[in-house]
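K.L.:
Listed below, chain by chain, are the residues.
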Amino acid sequence: MNFELSEEQQLLQQTVRQFLEKECPATQLRAVFEGETGFEPSLWKGMVEMGLAGLHLPEAFGGAGLEMIDLALVSESLGWGAAPGPFLGNALGGLAILLAGSDEQKQRWLPRLAGGDAIATVAFDEAGGLWQPEEWALKGSRTLTGSKLNVPFASLADVIVVGLAGGELALVEKGASGIEIRSMEGVDRGRRIDRVSFDGTPAQALPQGAEASARVRDAGLVLLAADAFGAGSRLLDMCVKYAKTREQFGVTIGHFQALKHQLANMAIEIEPARALYWYAAHAFDHIPKQAPRSAALAKAHLGERAMQVARDSVEAHGGIGFTWECDVQIWFKRAMFDRAFLGTPSIHRERAAKLAGW
Amino acid sequence: MNFELSEEQQLLQQTVRQFLEKECPATQLRAVFEGETGFEPSLWKGMVEMGLAGLHLPEAFGGAGLEMIDLALVSESLGWGAAPGPFLGNALGGLAILLAGSDEQKQRWLPRLAGGDAIATVAFDEAGGLWQPEEWALKGSRTLTGSKLNVPFASLADVIVVGLAGGELALVEKGASGIEIRSMEGVDRGRRIDRVSFDGTPAQALPQGAEASARVRDAGLVLLAADAFGAGSRLLDMCVKYAKTREQFGVTIGHFQALKHQLANMAIEIEPARALYWYAAHAFDHIPKQAPRSAALAKAHLGERAMQVARDSVEAHGGIGFTWECDVQIWFKRAMFDRAFLGTPSIHRERAAKLAGW
Amino acid sequence: MDLSYGKQYEEFRAQVQEFLGKHWPPKGADAELPKEEGRRRFRALATEQGYLSRSIPKRYGGSEQEPDEIKANIIREEFRRVHAPGDVTGIGTMMLVPTLLEKGEEWQKEKFVGPTIRGEIGWCQGYSEPGSGSDLASLKTRAELVGDEWVINGQKIWTTTALNADYMFCLCRTEPEAPKHGGISYLLIPMKQPGIEVRPLRQMTGGADFNEVFLTDAKTPKDWIVGKRGEGWLVSRATLKHERNSIGAAATSTAMLAGLVHLAKTTKRGGKPCIEDPEIRQRLVAIEGYVRSHEYSGYRQLTLNSRGESPGILQLMNKLMSTNIGSEVAKLALDVLGEDGLLDAQAGEEMVMLPAGNRSWIAQYMYSLGIAVAGGTANIQRNVIGERGLGLPRDVFADRSPAK
Amino acid sequence: MDLSYGKQYEEFRAQVQEFLGKHWPPKGADAELPKEEGRRRFRALATEQGYLSRSIPKRYGGSEQEPDEIKANIIREEFRRVHAPGDVTGIGTMMLVPTLLEKGEEWQKEKFVGPTIRGEIGWCQGYSEPGSGSDLASLKTRAELVGDEWVINGQKIWTTTALNADYMFCLCRTEPEAPKHGGISYLLIPMKQPGIEVRPLRQMTGGADFNEVFLTDAKTPKDWIVGKRGEGWLVSRATLKHERNSIGAAATSTAMLAGLVHLAKTTKRGGKPCIEDPEIRQRLVAIEGYVRSHEYSGYRQLTLNSRGESPGILQLMNKLMSTNIGSEVAKLALDVLGEDGLLDAQAGEEMVMLPAGNRSWIAQYMYSLGIAVAGGTANIQRNVIGERGLGLPRDVFADRSPAK
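Chains as they are written, first to last, in our numbering: chain W, 1 to 358; chain U, 1001 to 1358; chain X, 2001 to 2404; chain G, 3001 to 3404.
One chain only, chain W, in its complex shape (with noise of 0.2 angstroms):
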């Protein structure tokens, strides 16, 4: 039995995190997060040389082919750092080819999406919710006509995997015909979502994608459980560090009994649920049957949970805690993307019961 990283996992988390608090400190985190586009070619250029961009695609594209376990702590470390950038819809797209694609479609896209030359992103959400593929309703197979919502970096993205009716998947590239693309002005800046409406715009169907929608929404799951832990883990670290430094009556606030139970509350709300999506990432690829359900157990989980620990975080900090000035929103937001995109808890909830055959 061995349920720890190995020293090639703890190292790529360490350089992802040493990459981060580098290159992207508050001051450079603000401004993209403030910025008009939120995304720094620069830093995402740093991101696809350390190999994250295709850390999950097979070398033969050019990837490092790894396991869902290695792109989920990667995942964990940019929310820790609450990375911005297209990380989370580019690896979602990429699969969604590697898993549903010709090989033409393969050879096409993967080595530039490994490479960085090009980004993908995923549409899945249709207005009221409906994430899952099983819900989506936009009909079409070579031209699409109907609308996307929560699309992450769609107006960047140089592929968009569009979901369709019957789970099925579909390849529209930028600048396609008929194509119009609005930001929805989402709460979290450091990953930017629009609104992407198709007018007879072409597409090329993914040929497996009926058979792959579900694994790669279910990836996805992983992903943001991790971003998740990342996020709440870090707001944690710095309610600690705040109650050690910040002075009231004469010493520390941590030296506050009410306060300490409050801290020692949030570690023990975060922290035992990093196994939880460790297990969801290793069933991901060697526990087939327990992996959907894995998956949206650990979501749904580490949704609620690292969104509770945001809340009480700007309670540990006070006042300050409620500024655009103190980080802790950036986390806070952080946290309410995982939290809502590809479904609220809730929603995972009720298909994991279902999933258990109750």
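Where hints are given, some of them may not hold.
[Unchecked claim] Straight-line C-alpha distance at most 30 angstroms; calculated BS3-like pairs for lysine-lysine:
1. G:Lys3268 x W:Lys354
2. G:Lys3331 x G:Lys3268
3. U:Lys1241 x G:Lys3180
4. W:Lys244 x X:Lys2180
5. W:Lys241 x X:Lys2180
6. G:Lys3222 x W:Lys354
7. U:Lys1241 x G:Lys3140
8. G:Lys3265 x U:Lys1354
9. G:Lys3268 x X:Lys2268
10. X:Lys2140 x X:Lys2111
11. U:Lys1354 x U:Lys1289
12. X:Lys2007 x U:Lys1289
13. X:Lys2111 x X:Lys2035
14. X:Lys2140 x X:Lys2228
15. G:Lys3058 x G:Lys3222
16. U:Lys1106 x U:Lys1174
17. U:Lys1139 x G:Lys3272
18. G:Lys3272 x X:Lys2268
19. G:Lys3272 x U:Lys1354
20. X:Lys2272 x W:Lys139
21. X:Lys2272 x U:Lys1289
22. W:Lys354 x X:Lys2331
23. W:Lys354 x X:Lys2272
24. U:Lys1354 x X:Lys2265
25. X:Lys2268 x W:Lys139
26. W:Lys244 x X:Lys2268
27. X:Lys2140 x X:Lys2222
28. X:Lys2219 x X:Lys2111
29. X:Lys2265 x X:Lys2219
30. X:Lys2219 x W:Lys241
31. X:Lys2265 x U:Lys1289
32. W:Lys354 x U:Lys1354
33. G:Lys3268 x U:Lys1354
34. U:Lys1354 x X:Lys2272
35. X:Lys2109 x X:Lys2140
36. X:Lys2272 x G:Lys3272
Hints were generated in silico from the structure; no laboratory data involved.
On the provided structure of chain W, position chains U, X and G as indicated by the hints.
P.N.:
Just chains U, X and G now, with coordinates in the frame of chain W:
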């Protein structure tokens, strides 16, 4: 606007409390609680002499002709003292006969109930938690065959008001043929519950039963909410006293901020809910349109709050709070009864939602 | 018990309605006046009638009425109904005026009370500092007497309305040698002067309801001090007594619940309105239990206050009740919002009580934390309830404050 | 990552299975032996094989194996599967033996370890006292050396298995003059003597898992002391290091969840199984999130412990995780039980992990509070997590305990 008790009402509560402190101190209470029957005739006699048995019955029948708020205030005081005995079933039985009975039935029973010469109870619940009049399935008019669960002090009662299909009500008298009463070993040993089975047992319909039964249920909800408030506020008192006397690490444990805040949270859970049951009791007589929903809301909320306060009280007392010797257990079980009798909080929350037209 | 206001109060209500019928909206010649002038005239009339500035002595421009919370409530209700201008709101009338009336010099009352209650001058409050939150008495802003002027240096924070205020009532350390609470004075400071810079303080919602105020050799006359030197802490505590209006707090809770119910009715999940979801229903009613408890407890406080009796521990709970309810409402709202939980808060939105659109619910989701802070953090509230309400020992670190 | 035990461990498992196949249930002549004798013989054989008493040196009757939590786990699994007698459980083997091995005199090890691990003698623990709960070091039970005997007077509480125990390992104050923690000694006391009275301590469930022990001039030989006079506190802390088995804690959580799911499937509400109620489903899965987090964190702790690495803060959380989960399970169970929430707890029921009938769920509803207490109250656990886990300052009142 006057939303406060009159002097008479405050005096009424004081009188009941003082009576219980004198006639039913911890030792006495424990004796009844641990005894065979859960009933102490002299104690009940004292309550009757105070007029508690007929408080809500018209003076014409030997009652005090007071309102539901007054009855509820008494119920609070009884919950505060965890007073053992048949007050609840007797009050509801009397109300049922008053609202639904023929003149002859009223003449026959009400004076005796008010005077303590007879004790009434109500048999509502049927297997599966079917407490509500619209759920009753027991059929029959002149004779009854079937059974009722969780009947308070059935073995003691001279007359049982039985809920029938269609929300009808009927009277069954002590020792009627084919009646079988078996103790259900309820958790609140101060308010024993029995299973009552009928086999061709003669019964007497209450003419206005179908119109009155829901109102009797609502009265029960108000009285249980009041009792729960009394129990919860008493538990809080016990915890605060304990926190001011129990010493650890050389100081009273009330010095520990975490406990202090837990006690503050208990206080804010229970204290404001006093007004909730007051309002429900007031509405019962004066705001008919709001009466049913206010009663459901008060019972659901206070059933839950008092129970949580009871759990917190055990913890606030540390190990000793978990023992039989510690009085907390008596009120803990009082709260369990108030929470579950006539339906759990979730049942009445759903009813309240329906009644709001949601 | 009687939840109606009772006969003589209904008669009073009728008088108020009659008055409003005559004078609002402005009739005849008054109707021709410019808007602001019309409102000023109306307020003057309403004050003559004893409907406004009821607690203010006539000689300072008030109507000097017997305190009667129920009449006050009826007036608020009726004025609101026809959108007539009521008492000027804000920190000036709520906090400064009562303080001046209790602790101020005669000339200070004459100079400031009238214009403040007429809305001719506005105030902001200079209490909190970056380093002094819950431990307010540790404030560091210094004021030194140079000649016949106070020269003030320091920084204040969480200062609402600072941008438009004409004056600030401000706690400053004037006796550096004196013990913590004894070294503070209560000064009145003109805001429109070179020594004062106001910077809006942006919140996580993107809006800016608060400001930072930087005082650099700011000046105010020697006698613009309320109470004696070093008495500022006591003077500021005195004001707290005037903070009340329990009904107000509960009204917020009921309004939030109403908004939430509306949201649950109008938002669909899986094709059906969220309010039909059994879990949502359970949570809604569970929240309503707290909301009604708060609302009805408000009735009780109103009754007791109107009799001059103390509602005891209840009154210490209003802020924390609002905080808890606000936070539960916000969390359920976020679940109801579903995918719209990804949207940014309505930037610049004022504190929303009954949120309009989904984006303002996002703002509410954040404000529900801000509220906790505004009323002193929840932990401070718990201390108050535990110590003053339940009589438990005070925190070891919290040094006794002289006034209590 | 690899959640299987890996090849060499599966081989080990095969060996264990083969051994069990040969020896349990007893074969041939052994099959004729009286039950207890047969179990004794089997344990002896299993110990020879290195399957039992693995951490105990051979010379004291153990099998002295390399520590390997995974092998230990496999042995537990396989022995349980065929209901073969495993390591003798209880406070004697769990706490006293490791303490003796670390701090005891040679003669003490020889006299007590063997019989204890063979189950020939039983122990109880004399730590807590009515006046000393979280503040254990304030204990008052006195032991005075009179001639060559300790004479002990005082009272202990929460003493499990005291009724059948042969000996008690007991913390007593032997140096009244010494500072709090320095005045305590760790004594071994025979239970079967006139000076000792055991009274069962009834719980709110009606059962009695605990006892009070009254010591009145109870006696024990001068040299029945572990460590030196006044070192008792340190000696007792040493044992705590040996308390572990994170898997065990999580197993409890998973078992409770399984029981709850079963209850929700078999209990009907309005004609339909509760598990079809959308709100119940939401709450069940919400609890499962915590349960699986605990379970998988257990795997991780097992991995790290088996490598001799520290799981850090995680292992400080096991007790509070179990407490929190137990309490959430109990609350949901009570809602599922509906009207049966009126029934009394199964009196005398032992601590129920996977409650059988509804009455034992009522017991569970109460035990879920008892658990909190057993592991030191939840607040103590939060202190531990906050101070040792997060490095926050210690409580002002809690005087530094020498051992940590």
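K.L.:
All hints are to be evaluated individually against the structure, with a verdict given for each.
P.N.:
Hints, verified against the model:
1. Using a Cα cut-off of 30 angstroms, the hinted pair Lys3268 of chain G and Lys354 of chain W holds, with the two alpha carbons roughly 18 angstroms apart.
2. Proximity of Lys3331 of chain G to Lys3268 of chain G is assessed by CA-CA distance (about 17 angstroms); at most 30 angstroms being required, the pair is judged to hold.
3. This hinted pair checks out: Lys1241 of chain U and Lys3180 of chain G have alpha carbons roughly 27 angstroms apart, not beyond 30 angstroms.
4. At most 30 angstroms may separate the alpha-carbon atoms for a hinted pair to count; Lys244 of chain W and Lys2180 of chain X meet this at roughly 23 angstroms.
5. Restraint check for Lys241 of chain W and Lys2180 of chain X: the C-alpha separation of about 27 angstroms stays at or below 30 angstroms, so the hint holds.
6. For the hint linking Lys3222 of chain G to Lys354 of chain W, the alpha-carbon distance of about 66 angstroms lies beyond 30 angstroms, and the restraint is violated.
7. With a C-alpha separation of about 24 angstroms, the suggested pairing of Lys1241 of chain U with Lys3140 of chain G holds against the 30 angstroms cut-off.
8. Distance hint between Lys3265 of chain G and Lys1354 of chain U is fulfilled; the C-alpha atoms sit about 26 angstroms from each other, no more than 30 angstroms.
9. Taking the CA atoms of Lys3268 of chain G and Lys2268 of chain X, the gap is near 29 angstroms; set against the 30 angstroms cutoff, the hint holds.
10. Using a Cα cut-off of 30 angstroms, the hinted pair Lys2140 of chain X and Lys2111 of chain X holds, with the two alpha carbons roughly 29 angstroms apart.
11. Among the hinted pairs, Lys1354 of chain U with Lys1289 of chain U is consistent with the structure: their alpha-carbon atoms are about 14 angstroms apart, no more than 30 angstroms.
12. Taking the CA atoms of Lys2007 of chain X and Lys1289 of chain U, the gap is about 23 angstroms. The hint holds against a cut of 30 angstroms.
13. Taking the CA atoms of Lys2111 of chain X and Lys2035 of chain X, the gap is near 26 angstroms; set against the 30 angstroms cutoff, the hint holds.
14. About 19 angstroms separates the Cα atoms of Lys2140 of chain X and Lys2228 of chain X, which keeps this hinted pair within 30 angstroms; it holds.
15. Taking the CA atoms of Lys3058 of chain G and Lys3222 of chain G, the gap is near 28 angstroms; set against the 30 angstroms cutoff, the hint holds.
16. As the CA atoms of Lys1106 of chain U and Lys1174 of chain U are separated by approximately 17 angstroms, the hinted pair is consistent with the 30 angstroms bound.
17. Simply put, Lys1139 of chain U and Lys3272 of chain G have alpha-carbon atoms about 23 angstroms apart, close enough for the 30 angstroms limit, and the pair holds.
18. Note on Lys3272 of chain G and Lys2268 of chain X: the hinted pairing holds, with a Cα-Cα distance of about 26 angstroms set against a maximum of 30 angstroms.
19. Restraint check for Lys3272 of chain G and Lys1354 of chain U: the C-alpha separation of about 19 angstroms stays at or below 30 angstroms, so the hint holds.
20. Pair hint Lys2272 of chain X plus Lys139 of chain W holds up; C-alpha atoms about 23 angstroms apart against a cutoff of 30 angstroms.
21. Simply put, Lys2272 of chain X and Lys1289 of chain U have alpha-carbon atoms about 29 angstroms apart, close enough for the 30 angstroms limit, and the pair holds.
22. Only pairs whose Cα atoms come within 30 angstroms are accepted, and Lys354 of chain W paired with Lys2331 of chain X is accepted, the gap being roughly 25 angstroms.
23. At roughly 19 angstroms between alpha-carbon atoms, Lys354 of chain W and Lys2272 of chain X fall within 30 angstroms of each other, so this suggested pair holds.
24. Distance restraint check for Lys1354 of chain U and Lys2265 of chain X: the Cα-Cα separation of roughly 13 angstroms lies within the 30 angstroms cut-off, and the hinted pair is therefore satisfied.
25. Between Lys2268 of chain X and Lys139 of chain W the alpha-carbon distance is near 22 angstroms, which keeps this suggested pair within the 30 angstroms criterion.
26. Taking the CA atoms of Lys244 of chain W and Lys2268 of chain X, the gap is about 45 angstroms. The hint is violated against a cut of 30 angstroms.
27. Taken as a hint, the Lys2140 of chain X and Lys2222 of chain X pair is honoured in the structure, with Cα atoms around 20 angstroms apart against an allowance of 30 angstroms.
28. About 19 angstroms separates the Cα atoms of Lys2219 of chain X and Lys2111 of chain X, which keeps this hinted pair within 30 angstroms; it holds.
29. As the CA atoms of Lys2265 of chain X and Lys2219 of chain X are separated by approximately 56 angstroms, the hinted pair breaks the 30 angstroms bound.
30. Taken as a hint, the Lys2219 of chain X and Lys241 of chain W pair is broken in the structure, with Cα atoms around 38 angstroms apart against an allowance of 30 angstroms.
31. Straight-line distance between C-alpha atoms of Lys2265 of chain X and Lys1289 of chain U comes to about 23 angstroms, which keeps the hinted pair within the 30 angstroms bound.
32. Distance hint between Lys354 of chain W and Lys1354 of chain U is fulfilled; the C-alpha atoms sit about 27 angstroms from each other, no more than 30 angstroms.
33. Our distance criterion of 30 angstroms between C-alpha atoms is met by Lys3268 of chain G and Lys1354 of chain U, whose separation comes to about 21 angstroms.
34. For the proposed pair Lys1354 of chain U and Lys2272 of chain X, the alpha carbon gap of about 16 angstroms is at most 30 angstroms, so the pair holds.
35. Taking the CA atoms of Lys2109 of chain X and Lys2140 of chain X, the gap is about 28 angstroms. The hint holds against a cut of 30 angstroms.
36. Restraint check for Lys2272 of chain X and Lys3272 of chain G: satisfied, since their Cα atoms lie roughly 22 angstroms apart, inside the 30 angstroms limit.
Consistency note: the structure conflicts with the earlier hints numbered 6, 26, 29 and 30.
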